[in-house]
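Going line by line, the protein sequences match chains A and B.
Residue 299 in our numbering sits at position 299 of the first sequence, and the numbers go up by one each step.
Residue 166 in our numbering sits at position 166 of the second sequence, and the numbers go up by one each step.
Heads up, none of these hints are tricks.
Since copy identity is lost for identical chains, a pair holds within one copy or between any two.
Straight line, CA to CA, 25 Å or less: simulated BS3-like cross-link-like pairs of lysine-lysine: (1) K62 <-> K231; (2) K55 <-> K231; (3) K304 <-> K115; (4) K115 <-> K275; (5) K154 <-> K209; (6) K275 <-> K19.
Quick caveat, the hints were computed from the structure, so don't treat them as lab data.
Bear in mind the structure is a predicted one, so any value in this text is a computation, not a measurement.
Number of protein chains: 2
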Amino acid sequence: MEQIRTMAQLMAAAKQGEKKIVSVAVPEDDEVMEAVEAARKEGIISAILVGNGEKIKTVANKLGIDLSNYEVVDERGGNTAAALRAVEIVSSGNADIFMKGMLHSADYLRAVLNKEKGLRTGRVLSHAYIHEIEGYDRLFFVTDGVVNLYPDLKTKIDIVNNCADICHAFGLECPKVAILGAVEVVNVAMPPTLDAAALAQMSNRKQFKGCIVDGPLALDNAVSEESAQHKGIVSPVAGKADVLFVPNIETGNILAKSMVYFARNKTAALVLGAKAPVILTSRADSAETKMYSIASACLVAQHKA
Amino acid sequence: MEQIRTMAQLMAAAKQGEKKIVSVAVPEDDEVMEAVEAARKEGIISAILVGNGEKIKTVANKLGIDLSNYEVVDERGGNTAAALRAVEIVSSGNADIFMKGMLHSADYLRAVLNKEKGLRTGRVLSHAYIHEIEGYDRLFFVTDGVVNLYPDLKTKIDIVNNCADICHAFGLECPKVAILGAVEVVNVAMPPTLDAAALAQMSNRKQFKGCIVDGPLALDNAVSEESAQHKGIVSPVAGKADVLFVPNIETGNILAKSMVYFARNKTAALVLGAKAPVILTSRADSAETKMYSIASACLVAQHKA
Chain A
1 MEQIRTMAQL MAAAKQGEKK IVSVAVPEDD EVMEAVEAAR KEGIISAILV GNGEKIKTVA
61 NKLGIDLSNY EVVDERGGNT AAALRAVEIV SSGNADIFMK GMLHSADYLR AVLNKEKGLR
121 TGRVLSHAYI HEIEGYDRLF FVTDGVVNLY PDLKTKIDIV NNCADICHAF GLECPKVAIL
181 GAVEVVNVAM PPTLDAAALA QMSNRKQFKG CIVDGPLALD NAVSEESAQH KGIVSPVAGK
241 ADVLFVPNIE TGNILAKSMV YFARNKTAAL VLGAKAPVIL TSRADSAETK MYSIASACLV
301 AQHKA
Chain B
1 MEQIRTMAQL MAAAKQGEKK IVSVAVPEDD EVMEAVEAAR KEGIISAILV GNGEKIKTVA
61 NKLGIDLSNY EVVDERGGNT AAALRAVEIV SSGNADIFMK GMLHSADYLR AVLNKEKGLR
121 TGRVLSHAYI HEIEGYDRLF FVTDGVVNLY PDLKTKIDIV NNCADICHAF GLECPKVAIL
181 GAVEVVNVAM PPTLDAAALA QMSNRKQFKG CIVDGPLALD NAVSEESAQH KGIVSPVAGK
241 ADVLFVPNIE TGNILAKSMV YFARNKTAAL VLGAKAPVIL TSRADSAETK MYSIASACLV
301 AQHKA
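Between the sequences and the hints, there should be enough to build the whole structure, so can you do that?
Rendered as C-alpha cells:
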C-alpha cells in the first residue's frame, strides 16, 4: 500500500476499501447525523444508529435524511445504556467502528472500556490527531493531546505503539516517532527529556516493532531537516518525523489546535488502543474534520481486518 | 500610541522612535554581526560591540562591515568577562538594550542577573515570543516557552506582568491574557487549570494592573470567538486573547515553534523582567526574526524611557 500523505489520498483509500459499518452511540443531534449521512453518501460507511428512536426520527426528518438507509436500534434507557448497546454491536463483530454522538466523552469512553461489552485490549487508550499542513510532504500524527493527561513512561510506550498502528494503516511501514521536548538535549531538570531518552534507547535496542523512535527533539528539529542540521543532530527521525509525540495533554492539545487555528491544514482524529477504531469527534470539529476522522477509522478497520 | 498589529507596523514604530544603543556581548560571529549591521542600516540602533577586538575585526572585514560605525570594547578575558562588561554598559545607562552574541544562553543570562553589574529587578526574568500570524488582526505574545521551565503560581504572576509590560510598549493598553490549558474548565486532575483559576480570580479582584487575565482557556477558545461561543464561554478574553500564557516550557516552546514552522508567520522574541530589554536570539532564528527582535527591544526601551 502506498503511503497516504494527504487527506485527499485518505478519502480515495477509504472509498477504495470495503464499506465499513459504524455503530453510533446517541446520534440524535444535527451535526452528528449530518456527519454520518455525508460519509454514507461518500460511500465509505453504512451505519447503525443506537439511541432514542423517536428523537432520531425527529432529527432525520428535520434534516431530510432518509432513515431507510440506516438500521436504527431504539434504546430509551438513557445515554449510558445506548452507549453500551452501541459498543456491544462492535465488540460482537456486527460493526467495525464505534462513533460518539451526543453524550459526554467520559461516558462514551467508559463504554469502550467496559469489561463485558467494550473494546478493551491490553493497551491503554490514546488519542491521535492527524494533520495535513500546507508545505509538508507528509501527514503529521500528534499524540496524545486528548485522552491521557500526564502519562508515565509505561503509558507512553503504549501511546507510541498505538500511534505506530494507525501509521501502518496509513501505509507508513516504519513511522518516525519524535519524542518532543522544549530542547533536543537530555536535561536532568526537564523530565520529558528523560522519558524521551528512555524511549529512544528502547528503540535502539529494538524494543519497538514497526517504528523508529528518537528524542528528545524540539519541534523544529523534528520537522525541519535544515533546523536539525543547524543543531548538528544525527538521528533517523530528526527533520523527518511522522509522529509528534508530546509529553502531556496541554502540549498536545495546544499543538494540535495551533495547527488547526494558525496553519493551512486539514485535520482528523481517532482514539486508538481499542479492538476497533473509536471516533471521538467534538461539536467544535468542522464537518470536514468529522469526514476525515470517519475515513481514518475506515482505514484502521481495513488494516485490522 | 496606536496598537501595533503587524511586524511592518513594529518596524515603522521603531524607525519613528529615537535611535537606541545596543550593547552586544561577544559579537564575533557572522550571523550576529549581520543582524546588528542590518538593524543599524535600518536606522533603529547604534551598537557597542564587546568582545575579542581582533576577532571582531576579522568578522567585520570578512562581511565588509565598516567598524568605524561602531564602538568596539576590546575584552579578551573570555565570554563571561565580555558579557559582564557588556551588561554593565547597559546597567550604567550607556546603552539601552542588551544583546546576546556567540556565548551560551546560560552565561548570557547570568550576566543579566549579576547582582552588581546586571539588570536585576524584583521580578523573575521571562521570555516572550511575538507572532504575526496570517489571518489574525493582532499580534500574539506567547510566554514563557524558553526561560522558565515549570513556573509555580508566584512565578506565573511575574510572567504575566512582564508580558503585560511589553504589550504596553506595543500600544496595547490593556492586553487580554489567556491562561491556556487543554480544556476551558477547572479540573482538579489538571494542575494548570487550578493556577489558571487563581490567576483569573486575581484579575477579577483587580490584583493585576494594565491587563485582563482569564483562564483556563483551550487555545481555540482563546483565539477564536466562534469557538468560544460554541462552548458558551462568557469572558472578556475568550476569542480575543493577545497573550497566550502557557503552563510550562514544553507547551510554550512547541506552540511557538508550531507557529513558526506550520503557519504563515513573522516572529520576534525578547527576554523581559530586567531593567532593560534583553535580546536572546539563537542561531536557528532567521535574519527577519533577529531584526524584529531588535525592533521590539527598541520599542520596549522607548517605553521604559
